[in-house]
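These protein sequence lines map, in sequence, to chains X and V.
When the letters of the first sequence are read in order and numbered with this note's numbering, they come out as residues 1 to 598.
When the letters of the second sequence are read in order and numbered with this note's numbering, they come out as residues 1 to 81.
Incorrect hints may have been included.
Facing chain V, according to a computed beta carbon distance under 7 Å, are these residues of chain X, among others [unchecked claim]: (1) 507; (2) 511; (3) 566.
The set of hints was computed from the structure by calculation and includes no laboratory data.
From the three backbone atoms N, C-alpha and C, an ideal C-beta is built for every residue, glycine too.
Each chain, letter by letter, is given below.
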Amino acid sequence: MLRITSARVVSQQRQVVASRLLHSSVARLNVTNVPPTSVPGSSSPTAPIENPTPATPSTPNLSSSASSGSPPPRPSPEPKKRYAFRKFLLSMSVLGAIVYGGGVWFALRNDNFHDFYTEYIPFGERIVMIIEEREFQRRFPNAGRKPLEDDKPRVTVHRGGATWKMVGDEYKGPSTGPHVSAVPKDKGEQKVETQKDIVPAAATPVPASAVVSPAPEPAKQEPLVIKETVLPKLPKFVFDGTIDPSLENVVTSINGLFTALTKAGSAGPEELGALAASLGEVSNKFVTLRAKYESELRENLDQQALVFALQSEKQEQDYKQQLAAVDEKWREGYFEERQRIMDIYKKRLIAELKKFNQVYSTRLRNEVAAANAEKDKLFAEKVVETVENERNSRLSKLKELKSAFEDVTALSAQVDSQLETAEKTAELQLALGSLTNALQAPYTVPLAPIIARIKEVGGEDPLIAAAVAAVPVSAYDGVLTPAQLAARFKLLAPEIRKASLVPADAGVAGFFGSWLFSKLLWKKEGKPKGTDVESILARAESALIEGQVVEAVREVNSLDGWRKKLAEDWLAEGRKRSEVEFLARVLGEEGKVWQYKY
Amino acid sequence: MSAVKKTASEQLLNDKWDVVISNTLVKTALGFGFGVVTSVLFFKRRAFPVWLGIGFGAGRGYAEGDAIFRGGDAGVRIVNP
Numbered sequence: 001m002l003r004i005t006s007a008r009v010v011s012q013q014r015q016v017v018a019s020r021l022l023h024s025s026v027a028r029l030n031v032t033n034v035p036p037t038s039v040p041g042s043s044s045p046t047a048p049i050e051n052p053t054p055a056t057p058s059t060p061n062l063s064s065s066a067s068s069g070s071p072p073p074r075p076s077p078e079p080k081k082r083y084a085f086r087k088f089l090l091s092m093s094v095l096g097a098i099v100y101g102g103g104v105w106f107a108l109r110n111d112n113f114h115d116f117y118t119e120y121i122p123f124g125e126r127i128v129m130i131i132e133e134r135e136f137q138r139r140f141p142n143a144g145r146k147p148l149e150d151d152k153p154r155v156t157v158h159r160g161g162a163t164w165k166m167v168g169d170e171y172k173g174p175s176t177g178p179h180v181s182a183v184p185k186d187k188g189e190q191k192v193e194t195q196k197d198i199v200p201a202a203a204t205p206v207p208a209s210a211v212v213s214p215a216p217e218p219a220k221q222e223p224l225v226i227k228e229t230v231l232p233k234l235p236k237f238v239f240d241g242t243i244d245p246s247l248e249n250v251v252t253s254i255n256g257l258f259t260a261l262t263k264a265g266s267a268g269p270e271e272l273g274a275l276a277a278s279l280g281e282v283s284n285k286f287v288t289l290r291a292k293y294e295s296e297l298r299e300n301l302d303q304q305a306l307v308f309a310l311q312s313e314k315q316e317q318d319y320k321q322q323l324a325a326v327d328e329k330w331r332e333g334y335f336e337e338r339q340r341i342m343d344i345y346k347k348r349l350i351a352e353l354k355k356f357n358q359v360y361s362t363r364l365r366n367e368v369a370a371a372n373a374e375k376d377k378l379f380a381e382k383v384v385e386t387v388e389n390e391r392n393s394r395l396s397k398l399k400e401l402k403s404a405f406e407d408v409t410a411l412s413a414q415v416d417s418q419l420e421t422a423e424k425t426a427e428l429q430l431a432l433g434s435l436t437n438a439l440q441a442p443y444t445v446p447l448a449p450i451i452a453r454i455k456e457v458g459g460e461d462p463l464i465a466a467a468v469a470a471v472p473v474s475a476y477d478g479v480l481t482p483a484q485l486a487a488r489f490k491l492l493a494p495e496i497r498k499a500s501l502v503p504a505d506a507g508v509a510g511f512f513g514s515w516l517f518s519k520l521l522w523k524k525e526g527k528p529k530g531t532d533v534e535s536i537l538a539r540a541e542s543a544l545i546e547g548q549v550v551e552a553v554r555e556v557n558s559l560d561g562w563r564k565k566l567a568e569d570w571l572a573e574g575r576k577r578s579e580v581e582f583l584a585r586v587l588g589e590e591g592k593v594w595q596y597k598y
Numbered sequence: 001m002s003a004v005k006k007t008a009s010e011q012l013l014n015d016k017w018d019v020v021i022s023n024t025l026v027k028t029a030l031g032f033g034f035g036v037v038t039s040v041l042f043f044k045r046r047a048f049p050v051w052l053g054i055g056f057g058a059g060r061g062y063a064e065g066d067a068i069f070r071g072g073d074a075g076v077r078i079v080n081p
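Using the sequences plus the hints, can you model the full thing?
Structure representation (structure tokens):
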């Protein structure tokens, strides 16, 4: 838009200038019938040039005509321009408000749009969040406040009429006695009297009931209550046959008493006397009966005592007989056992005696044999002594000869071993020499057979074995000579130079720049001091010229980054060569030591 | 010592340069081609699509060259021997 506008403005300006020029030239030429409102920019070849006058000074006419002449009414973009910006701002803000508002409204409705809106529209998420929070506050004004502190349930139940009471201290247990209203009022009195009166009397006349009691036993404990105020009607005893006929007297006297009592209210002495008399009779009868019974019982007891005594005697005799029999039996058994044990002991004794005799006899025999052996030995010694004495000198001479012979064999063995070691040393020297020659040859020599030979010859020496094991496997095919290394270095150096100015993590531009500007670097020679690439290369090159492979490898090893990566192969070869050189030196030293070892 | 396909370490950068330059040329040419086609078909044979295409191609080539020099495999398939 802007570009088009500016093009338009430019074109308009051009037209303005063109029209001005045209009109100025027209004015110069004093052409009057040029219409003032001609379309600017359109060349008016139709305007005839009538009076070609010499050119008047152009500038004043130009300026005057330009100022006083009738310039075409410019479309005056300024008023429009003046408010365009404000209009633009207004329209932008209105549009933005509509877009944002509509977007927010739609986002609250639609989830997909909401995601898109919050993610891609700046501040969209914020607005949506504000509006959502407001809505939430409106709907749940209490949310966010602290929860209720008591966690008892809030439901209350109307209690109605029922209440509960804890079964607490007031409860004393079930009542043991009868209900309050059931306890008789004068039961206590009766109970007390019962304990006092143990009268072998007749039935008790209870105030309420009139019970007929047919058994007048002496153990009856019912008290005899005689109420003086109220006299019930005493019944007569019914003699119904259950009562003993001897008590008839008693019954009649009692009946008389009762009738007297009912009639008169008090008992006269006759009745009482009659009662007492009858009672006395009864007691007499009792006494006689008891005496009779007692005597009977005593007789029975005496008889039974006699019977028991007889029985016990008989039993005693029986027991005594049994004891005697048992005693006899035990005695016999005892004697038998004693006899048996004695027999056993006798047998054992005989056996032991026999054994002892045998042992003793063998011991004696052994002693005899030992004595014989001793005798023989003495005899043999004697013989040897005699023989020795005879051939004294000759035996000793034999011994000397033997010792001398042993010495000689030892000496010869020693000489043999020394010869062996000397031979080995010589062979080792040869092998080491061949190794050194191989290293100094002008071409690559395979080292595998030489190393095998060294191992064969000097393998027992641990140092030689270690050195041989330390030779890298890749060196078995041979190592490059210093000259070859130098030649390779000459190929390597330009590549390193190309990468000498490469910065870290470089791209195309870095490498290209390095290639370009490395061509401007000074090339150094000799042994310059410094850590830049050119110095390192110069030092390495001079070391190679002198044949110092180790030095050269050390220098090249101090490169870094892409330079080192490029030099890796050369470094590997150089390292191989230096290792083999070092090991060859070590082996040479060890060979020299061998000469002096034996 | 070197195997059949193993390259000496000195030639690393040279190989990379080969790849980068050839890749850039190819991509630029492709971009040029696409630019020409587009210009003819859609833009009434104007000049700018061609330049655009060349720019795209060269840019891609440059970016891939950067990646190659930095150790990535962008755009180039390296087959280990």
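Against the structure, the hints come out as follows:
Taking 7 Å as the C-beta cut-off, the interface hint given for residue 507 of chain X holds, the closest approach to chain V being about 3 Å. Interface restraint check for residue 511 of chain X: the shortest CB-CB distance to chain V comes to about 6 Å, inside 7 Å, so the restraint holds. Contact between residue 566 of chain X and chain V, as hinted, is supported at the beta carbon level, the nearest pair being about 5 Å apart and thus within 7 Å.
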